[in-house]
Amino acid sequence: MAKVRKSRPGPFDYARKRSLQIVFLLTTIFLYAPILVLIIFSFNNSRRGGNVIWRGFTTDYYVKAANNASLMEAFANSITIAVISTIFSVILGAITAVTLWRFRFPLKPGYEGLVALPIVVPEICLGVAIAIFFSYFNLYMPPGTPWPFNLTNIIVAHITFSFPFAAMVIRTRLTTFNREMEEAAKDLGATEFQVFRDILLPHMKPGLIAGGLLAFTLSLDDFVITFFTSGPDTVTFPVKVYSMVRFSVTPEINAASTVLILITLILTAVAMRFQTFGDERT
Amino acid sequence: MKRPNLSLSRRAALQGIGAVGLSFSLPKSLKAQSGTVNFYNWDTYIGETTLADFTAATGINVQYDLFADNEELFAKFRGGNPGYDLIVPTNDFVERFIVADLLQPLDHSRIPNIANVEPGFMNPAHDPGRQYSMPYMWGTIGIGYRKSEVSGTPDSWAHLYTSDEYANKIALLGEPTTVLQMAFKLMGKSLNDWSDENLAAAEEMIIAQKSKITAFAPDNGQDLLLAGEVDLAQEWNGDILQAMDEDDDIGYVVPQEGGLLWEDDLCIPVGAPNPEGAHELINYILDAEAGAAIADYIYYATPNKAARELLSADYNENPAIFPSQATIDKSEVSLFPGQEVLAKIDAAWTRIRAAG
Amino acid sequence: MESARKNLRVFLAFFTPSFGWLVLFFVAPLLIIFLYSVGETVSLTEVKTTWTLQNYIRILEPEILTLLWRSLWLALISTAVCLVVGYPVALVIATAPGRWKPWLLLIVILPFWTNLLIRTYALLNILGTRGRVNELLEWLWIQADGFLTLIGLGAYNLIGEEFEPIVFLGRWSGVIIGLVYVHLPFTVLPIYAALERLDRSYLEASLDLGASQWRTFRSVLLPLTMAGVATAAIITFIPMLGSYLTPALLGRGQVDMIANVIERQFKGANDWPFGAAMSLLLLYVTFIILAIQAFAAMRKTRGAADG
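Protein chains in written order, with numbering that gives the first Met the number 0: chain A, 0 to 281; chain B, 0 to 355; chain C, 0 to 306.
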């Protein structure tokens with residue numbers, strides 16, 4: 000392969016540079032080493048210490064995890080919360096980014112600061128603050144609210160802390176936008192909406208994807224803010240895990256995580272068959 | 000639903016009174032509209048079929064939710080009760096909840112199974128007369144150790160707090176109150192004696208030992224012990240019991256200076272939507288057979304005398320579950336030290352953790 | 000940039016939803032926290048707003064400053080590592096063939112969809128004194144030792160008399176590894192977003208003019224994507240400052256950071272005013288920095304428009 004390559008790689012062919020590929024590979028090993036340990040120990044025949052000492056092979060914990068209704072319910076809650084809050088976060092993040100990028104208005108630096116603030120407040124402080132707020136104004140969903148509306152409080156809190164991350168990433172993306180394109184399109188008679196849909200939105204797409212992934216990740220893994228803003232009947236996966244750790248980290252939770260990783264891979268493969276992603280330039 | 004108060008103490012007092020009234024004479028319209036008890040407990044801390052059996056027996060559904068530690072539980076309820084009916088804090092936190100006016104008094108007439116509770120548990124210092132709480136499970140804090148790596152039985156806190164013998168093979172708990180209290184026991188003081196001298200001496204002792212301590216382990220001391228990273232770990236008996244189940248080389252001892260006796264209690268928080276259902280569930284848990292099923296499944300010490308009579312010798316005579324009377328006599332129950340002392344404990348703890 | 004006044008309806012359509020959301024669910028709750036930070040604890044559940052500065056003054060206690068300083072350093076070093084690792088990773092993703100991109104992005108993000116606590120426990124398994132890394136090193140050591148003996152150098156103990164495991168846990172190194180592990184996607188994603196579909200003509204021009212790859216990277220690519228790097232640095236660094244699980248588990252309580260103290264104020268210590276003051280400290284600093292930055296940027300654009 001090295002022989003086929005031109006003597007000097009073309010501009011932006013960084014993905015083909017051996018040194019960068021090695022960095023990518025080493026990073027992948029670093030990121031997956033704990034995941035590999037987790038998967039191996041999901042077959043560990045041990046009651047306590049899922050990730051501690053190897054005590055022989057068993058698939059019992061997969062059966063247990065599959066039969067553990069509360070674990071499955073926690074999964075469903077977590078994914079529902081993450082999906083809904085990601086959709087809202089990307090929409091709010093995108094319009095915030097466009098506002099900051101497009102308009103000049105009084106006190107704009109103040110608004111810029113405000114958007115960044117949820118990032119800098121420690122999560123426990125934000126969790127407590129929102130919990131007091133919900134409680135003070137009686138905004139908790141009443142017990143017995145049907146699923147998924149019983150998750151509303153958690154979702155609202157998740158959107159609050161994750162959309163500023165999305166906004167920052169999308170705004171970064173917008174800084175590379177070539178405004179002349181927009182003006183040219185308008186000169187050719189495109190409406191405001193057409194410009195947005197056909198020029199701005201495609202340009203923003205990598206930012207929307209990156210921001211969305213970030214929002215999804217933040218929401219899926221959040222424990223502290225979820226704990227403080229949750230009411231009855233809203234156990235999420237992290238809440239389940241933190242409480243389980245107190246008594247017994249069985250390999251069951253590793254088994255469940257392994258299954259989740261597999262499901263994600265399959266869903267992504269399926270999704271990609273139906274959708275083109277990014278640009279197709281090679 | 001109780002609102003948290005920012006500064007108005009009068010309103011808080013009124014709400015407290017209101018809530019007390021509520022628990023006894025809830026208007027019909029509000030009464031258990033959903034027929035569900037929202038039970039906020041630790042994970043895997045109930046019998047396998049207990050809740051289903053309860054529903055079958057009474058027609059009341061139970062929604063089982065999870066919390067992970069007492070500190071968080073208190074912080075959450077300080078913010079306001081979002082609709083839980085029954086919670087399970089540990090004794091000193093029960094007292095903290097009581098002092099903070101966050102619990103409803105229990106109506107003993109609705110809990111006839113109270114008769115099953117061992118008399119010794121009926122008048123604890125943290126809740127005299129059991130006005131607000133019913134005992135659920137209890138245990139000790141002591142030392143888990145690796146038998147092959149220690150000489151004899153490490154039955155003194157000195158091995159953890161002052162000695163060089165096991166340097167860099169020691170794990171203390173990650174939570175300030177208990178770690179300082181066990182230093183008090185080593186000094187021969189009561190673990191509830193939060194005098195400035197005691198606190199200063201304990202702080203000095205731990206800072207001097209800090210370089211020999213492998214970890215301040217937040218609930219994973221037993222893992223460190225199992226992995227061989229430490230040979231001595233200060234831990235809850237239940238956690239070490241699980242490690243012993245895995246590894247014959249692990250032992251558990253409550254030191255000769257005494258340890259800590261803990262007790263998790265069933266309590267109904269202020270603002271509970273269904274206190275009637277919560278009373279029913281408390282009563283059911285204190286039933287002999289139901290209580291026996293729970294204890295047999297989670298393997299913690301039950302204060303339910305009638306339940307114990309139904310259980311095997313393997314459970315009843317297990318020294319890691321039920322410590323000897325001598326151990327109980329020298330150990331103590333932790334009491335809530337008051338808000339002012341909490342601030343002092345935290346300041347000392349910050350200095351300990353920042354040191355070195 | 001256009002004036003909001005010129006197109007007020009469009010502006011308000013963009014501005015109102017996020018602003019409204021922030022005011023309702025962020026500013027309002029935070030006002031309560033602000034009142035706590037200038038208040039005094041009068042009972043277990045009550046704080047009286049007395050407009051005292053005592054809670055802020057307490058931040059100046061030496062042990063709090065020690066922890067603040069330590070947190071800053073740990074977060075700075077870890078952010079630097081994240082940037083050095085994250086930029087090449089983002090570059091590979093952004094310049095990979097189109098059909099590879101989603102898979103490469105997924106490879107980077109997938110580990111983070113596994114629960115943080117479980118991953119941290121797995122990291123403990125890897126980094127322990129008797130963990131997998133040290134097992135590997137010990138195996139290598141034994142091979143090397145065998146080899147040295149074979150060639151007759153065994154008696155000199157060139158690589159030590161016996162294998163000494165590397166201690167990561169309870170040290171800065173373990174905490175930094177953990178912080179990098181947890182926050183890497185915060186670095187990779189913004190840089191990826193800035194790099195994706197970048198105008199190649201600049202790079203071509205640079206290379207055509209004879210600049211080396213490295214020089215092209217340094218003087219063309221990096222400046223072009225600086226906004227992405229800055230965003231990445233900010234959203235990596237700030238959440239790192241708020242880490243408490245990593246220091247508690249990988250630092251084994253020996254390398255605490257400021258968020259461990261903040262967390263305790265809201266939980267065990269039940270000192271919400273002090274916790275509030277510490278939480279808001281970072282907010283004030285950030286707000287001042289962002290405001291200065293924004294003002295500078297605004298003056299620059301105004302200057303450009305005027306000139």
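Hints should not be assumed to be uniformly reliable.
[What the hints assert, rightly or not] Far from chain A, some chain C residues (derived; all Cβ distances over 10 Å):
#, residue
1, F10
2, W50
3, L82
4, V88
5, N133
6, A154
7, P164
8, S172
9, D198
10, L221
[To be verified] Derived pair list, reagent style DSS-like, types lysine-lysine, alpha-carbon separation capped at 27 Å:
#, chain 1, residue 1, chain 2, residue 2
11, B, K188, B, K304
12, A, K185, C, K5
13, C, K299, A, K107
[Said to hold, decoys possible] Stretch-level coverage of chain B by chain C, calculated; a stretch enters the list once three of its residues show a Cβ under 8 Å from a Cβ in chain C:
#, stretch
14, 72-84
15, 331-344
Derived from the structure by calculation, the hints contain no laboratory data.
We treat Cβ as the ideally placed atom computed from N, Cα and C, and that holds for glycine.
For this session: Quick one: which hint numbers does this structure break? Sort them smallest to largest.
Result: 1, 4, 9, 11
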